[in-house]
Amino acid sequence: MTEMRWDVAPGDRPSIPASEQNASSGFLVYTLGLLLAVILTVTSFWVANTSAIWAPGVPAGLTVLAIAQMGVHLVFFLHITTGPDSSHNVLALAFGVLIVFLVLAGSLVIMANLNENMMVHSELMNLQMQR
Amino acid sequence: MTLLGKLDWSSIPFDQPIIMGTVGSVIVVIVSVLSWVTLKGYLPYLWREWITSVDHKRIGVMYIALALVMLLRGFADGIMMRTQQAVAAGGAQGYLPPEHFDQIFSAHGTIMIFFVAMPLVIGLMNFAVPLQLGVRDVAFPTMNSISFWLTASGVLLTNVSLAVGEFAKTGWFAYPPLSELQFSPGVGVDYYLWSLQISGIGTLLSGVNFVTTILKMRAPGMSYMRMPVFCWTALASNLLIVAAFPVLTALFAMLLLDRYLGFHFFTVDAGGNAMMYVNLFWVWGHPEVYILVLPAFGIFSEVTATFSGKSLFGYRSMVLATMAICVLSYTVWLHHFFTMGASASVNAFFGITSMIIGVPTGVKVFNWLFTMYGGRVRFTVPVLWTIGFMVSFVFGGLTGVLLALPAVDWQVHNSVFLVAHFHHVIIPGVLFGCMAGYNYWFPKAFGFRLDERWGKAAFWCWFLGFHLAFMPLYMTGLMGMPRRLQHYDVLSWQPWLLVAEVGALVILTGIICQIVQIVVSIRHREQLRDTTGDPWNGRTLEWSTASPPPAWNFAVLPRVDELDAFWAHKQRVLAKQELPVRQHAYQPIEVPKNSPVGFVTAFFAVVSGFALIWHIWWMAGFGVLGAAVTLLAFMFRTKDEVEIPADEVGLFDRAHPVEVSP
Amino acid sequence: MNVAVEMDAVRRSALLNLSEAGPAPKRVIAGFGFWTFLLSDIVMFSALFASYAVLAKATAGGLTGVQLFDQRNVAMETALLLLSSYTCGMMSLAINSRRYLATFLGAVATFLLGAAFLALELREFQGMIALGATPQRSAFLSAFFTLVGSHGLHVTVGLAWLVLMMVQLSLRGFQDVVVRRLHCFSLFWHALDIIWVLIFTIVYLMGVLP
Numbered sequence: 001m002t003e004m005r006w007d008v009a010p011g012d013r014p015s016i017p018a019s020e021q022n023a024s025s026g027f028l029v030y031t032l033g034l035l036l037a038v039i040l041t042v043t044s045f046w047v048a049n050t051s052a053i054w055a056p057g058v059p060a061g062l063t064v065l066a067i068a069q070m071g072v073h074l075v076f077f078l079h080i081t082t083g084p085d086s087s088h089n090v091l092a093l094a095f096g097v098l099i100v101f102l103v104l105a106g107s108l109v110i111m112a113n114l115n116e117n118m119m120v121h122s123e124l125m126n127l128q129m130q131r
Numbered sequence: 001m002t003l004l005g006k007l008d009w010s011s012i013p014f015d016q017p018i019i020m021g022t023v024g025s026v027i028v029v030i031v032s033v034l035s036w037v038t039l040k041g042y043l044p045y046l047w048r049e050w051i052t053s054v055d056h057k058r059i060g061v062m063y064i065a066l067a068l069v070m071l072l073r074g075f076a077d078g079i080m081m082r083t084q085q086a087v088a089a090g091g092a093q094g095y096l097p098p099e100h101f102d103q104i105f106s107a108h109g110t111i112m113i114f115f116v117a118m119p120l121v122i123g124l125m126n127f128a129v130p131l132q133l134g135v136r137d138v139a140f141p142t143m144n145s146i147s148f149w150l151t152a153s154g155v156l157l158t159n160v161s162l163a164v165g166e167f168a169k170t171g172w173f174a175y176p177p178l179s180e181l182q183f184s185p186g187v188g189v190d191y192y193l194w195s196l197q198i199s200g201i202g203t204l205l206s207g208v209n210f211v212t213t214i215l216k217m218r219a220p221g222m223s224y225m226r227m228p229v230f231c232w233t234a235l236a237s238n239l240l241i242v243a244a245f246p247v248l249t250a251l252f253a254m255l256l257l258d259r260y261l262g263f264h265f266f267t268v269d270a271g272g273n274a275m276m277y278v279n280l281f282w283v284w285g286h287p288e289v290y291i292l293v294l295p296a297f298g299i300f301s302e303v304t305a306t307f308s309g310k311s312l313f314g315y316r317s318m319v320l321a322t323m324a325i326c327v328l329s330y331t332v333w334l335h336h337f338f339t340m341g342a343s344a345s346v347n348a349f350f351g352i353t354s355m356i357i358g359v360p361t362g363v364k365v366f367n368w369l370f371t372m373y374g375g376r377v378r379f380t381v382p383v384l385w386t387i388g389f390m391v392s393f394v395f396g397g398l399t400g401v402l403l404a405l406p407a408v409d410w411q412v413h414n415s416v417f418l419v420a421h422f423h424h425v426i427i428p429g430v431l432f433g434c435m436a437g438y439n440y441w442f443p444k445a446f447g448f449r450l451d452e453r454w455g456k457a458a459f460w461c462w463f464l465g466f467h468l469a470f471m472p473l474y475m476t477g478l479m480g481m482p483r484r485l486q487h488y489d490v491l492s493w494q495p496w497l498l499v500a501e502v503g504a505l506v507i508l509t510g511i512i513c514q515i516v517q518i519v520v521s522i523r524h525r526e527q528l529r530d531t532t533g534d535p536w537n538g539r540t541l542e543w544s545t546a547s548p549p550p551a552w553n554f555a556v557l558p559r560v561d562e563l564d565a566f567w568a569h570k571q572r573v574l575a576k577q578e579l580p581v582r583q584h585a586y587q588p589i590e591v592p593k594n595s596p597v598g599f600v601t602a603f604f605a606v607v608s609g610f611a612l613i614w615h616i617w618w619m620a621g622f623g624v625l626g627a628a629v630t631l632l633a634f635m636f637r638t639k640d641e642v643e644i645p646a647d648e649v650g651l652f653d654r655a656h657p658v659e660v661s662p
Numbered sequence: 001m002n003v004a005v006e007m008d009a010v011r012r013s014a015l016l017n018l019s020e021a022g023p024a025p026k027r028v029i030a031g032f033g034f035w036t037f038l039l040s041d042i043v044m045f046s047a048l049f050a051s052y053a054v055l056a057k058a059t060a061g062g063l064t065g066v067q068l069f070d071q072r073n074v075a076m077e078t079a080l081l082l083l084s085s086y087t088c089g090m091m092s093l094a095i096n097s098r099r100y101l102a103t104f105l106g107a108v109a110t111f112l113l114g115a116a117f118l119a120l121e122l123r124e125f126q127g128m129i130a131l132g133a134t135p136q137r138s139a140f141l142s143a144f145f146t147l148v149g150s151h152g153l154h155v156t157v158g159l160a161w162l163v164l165m166m167v168q169l170s171l172r173g174f175q176d177v178v179v180r181r182l183h184c185f186s187l188f189w190h191a192l193d194i195i196w197v198l199i200f201t202i203v204y205l206m207g208v209l210p
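Going line by line, the protein sequences match chains Z, B and C.
When we follow this note's numbering, the leftmost residue of the first sequence carries the number 1, and every step to the right adds one.
When we follow this note's numbering, the leftmost residue of the second sequence carries the number 1, and every step to the right adds one.
When we follow this note's numbering, the leftmost residue of the third sequence carries the number 1, and every step to the right adds one.
Hints may contain errors.
[Said to hold, decoys possible] Cross-link-like lysine to aspartate or glutamate pairs, in silico, DMTMM-like; alpha carbons within 25 angstroms at most:
#1 B:Lys593 - C:Asp176
#2 B:Lys310 - B:Asp102
#3 C:Lys26 - C:Glu124
#4 C:Lys26 - B:Glu590
#5 B:Lys6 - B:Asp102
#6 C:Lys26 - B:Asp530
[Said to hold, decoys possible] Just so you have them, the derived chain B footprint on chain C, three or more residues with Cβ under 8 angstroms:
#7 26 to 32
#8 48 to 54
#9 126 to 140
Keep in mind that the hints were calculated from the coordinates and are not lab data.
No experiment lies behind these values; they were computed from the predicted model shown.
For glycine and all other residues, C-beta sits at the position ideal for the given N, C-alpha and C.
Please model the complete structure; the sequences and the hints are all you need to start from.
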């Protein structure tokens, strides 16, 4: 029965039983994650406040940085890998991300569209008031 | 009376004879049942074996019992509405005043969706999924008990609203601004919100439980492509629960904040946006449709394969279609509000996705038909429900495709055409499926079959009554009749509504047949006894253990090498013409220990829910504290499992040989 | 059952396929179950985010994000939460090698950082309310307080959970069930940090863009 293998628990580093995970390599992983996260956070705050970047590009830049930082958290703190023994965890996560994307993107598109069609525009409102 | 918040004697509608009569008889029934149970000395048994049970089979049975009782309540609401509409034509006002009629249609929808369809589906999954997977329980047995009792709390609160206060008058989806404090100052919407919030947490937890069970706990050798189809559909359904119910929780939390603390999410003033409620409600609402119907599809698949004596046609396409529906169901929600002002391009997008989702459903229908084709079909009660489903559901689905066209939807939206459509998919789809599953798994749960004759009578009454009740609504819908009318002036609708009333009476006959069926079956249980554990010549693992199964389900976890493992095993045994050697070194088995934590938590949930509805703040605090202390005590529990000695396991196992029938 | 007996006799060959290995160990079940729950929690936040995004401009003549948000405060909150995630990671390492002292130290650090984060958040809320920017003022503020407040509520629950786990650890030692719960706690804590990344980006940074 030695061949029995399961997916690792989410948050465990793959292929190594939790009790045998090498503390020093673990320390390195977390520290590296912290460093990367700090760099990304600082960059985010800089991007939001600088005038060196073309202004309409700033939201896109912030989005990219946020996604990158979430990736860093997932990989270095939650030890999500592409290895076969964390496929369940990754698939569940992918399903969650898909749902989050659908809820956010769908709601925003629908609501923007409804607002555009249904709201009385402020200019029109002004016209009515001037009359 | 600040000590009791908004609650006082005027909250009880003494002036309403219909309500008071109902409440009186319900109280009489409850008191007599309780005193019978107490006098017979069944209370300790109930407490030990059912209320504190964490056994998935027991919890499943309790879910189904709860749902069947609530079906009576929901149906009573339904037939009251039909009767009102049958008589309130022209100048007549009928027998229900508008504010009562409004509560009835809101309660009917809420109860049928949340407290009939959901518990039926979750109950059947609870009962069958671990058995089909060949394991001993769900992933988190105590959490399962908490889920059930929280659902029961929601049920209780909803029913309390009948006697104390009122229920929502807003329709079952409680759209703001009507459901905001400004326009619904009573406690009705609060009853709605808190009971659904509490039961919603239960549902979410059971979704988490089943996803984990199916993905992480299967008998050795059961790879994904060897899972029974019902387990696949349960997986899809529970993934949707995990993905959809949090949206409902967040949404109701926002409406509660609006109502209790004066926030402005959906109000008409201060920038609130009521459309956002509609949008998020259907983000949950459309997946909910598939949460209900997918497990029913799974039941139909099991029933069709078993009673046709063939393996399911196109197993892989069935799995693929299920998972496709699971994802697609999250991309169609705008079709519930085509008329709210989205542009043609957005409407067209969601119209097209709505039609696409019909494709995998069509695949399934063909798979069932091809499974039956060339098979030796036994026309048992579950098969009748299945065939009844196939005939009606295709039609109901087609009206859905029709409604998916935004241009058509604009014509018939909010009319009884829509009412006819969704009853036409939910009753044949979900309810017929659950009835098939109820008849199919009943012998596994109790060790005896349900009476066939009364079962068939019940089916025919339901089938005919359903069509009589809802086909006329398509006609009046096309004639322009809006839904939720307390009275109307167009006399040409009345004949159709009278036919619908007759249909509702025929359904009532069906329900009476079902009650008789269960009484007759219990009385004749010795003739209907199933000693083999396999009364239908089944294909999946639940039939390989005794009926009813022991607390540990399987003395030894089965080893699975192919799809339809039990069937294949029986074929091998028959080929060898000998019974396998029945000797095994039994191991002691650990089963999860019973726990009152679910019941006690739910008790406190009811207390705080009731207190919040009536603004009794000290009592709400007490309830929350009580629930927290209960969970804390559970966290510090030292013993999670009790061990069943190997001797006992062996004794039971040898006493219940599973015979292989040819 | 006889099925089982017969199946025992059938090939007990090497189980190469992951999905055929039978029921998973408890740590994996508990971890995965909690992971699924966290996904549902994140979906709940996505509904709150969607509401915030839709209502962000609905200030109803009240104060706007540009006027209210203090980037220095947000940067400090972010730093505290990120550091607490790191110390939580250190705690996980200590648990895996069953070291009591290091576990307690990690927990204390995580708790203090989390509590400091909460304190800063509450101070921010207090300041806003003092300016008249209450959640009742406008839809934008309702959505803001609900979204950020939900995260804060989660942090509070996390802190209480951490204290409870330390009590359990000192009473029971590294029992399997205690270790499993601590593991779930660390998943929870890291997930909260991920949600915070979204909050500071969408609410605070994008909210003050011209």
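We went through each hint and held it up to the structure:
no.: 1; hint: B:Lys593 - C:Asp176; verdict: 17 angstroms, holds
no.: 2; hint: B:Lys310 - B:Asp102; verdict: 49 angstroms, violated
no.: 3; hint: C:Lys26 - C:Glu124; verdict: 42 angstroms, violated
no.: 4; hint: C:Lys26 - B:Glu590; verdict: 13 angstroms, holds
no.: 5; hint: B:Lys6 - B:Asp102; verdict: 22 angstroms, holds
no.: 6; hint: C:Lys26 - B:Asp530; verdict: 35 angstroms, violated
no.: 7; hint: 26 to 32; verdict: holds (count 3)
no.: 8; hint: 48 to 54; verdict: holds (count 4)
no.: 9; hint: 126 to 140; verdict: holds (count 6)
The structure shown violates the earlier hints numbered 2, 3 and 6.
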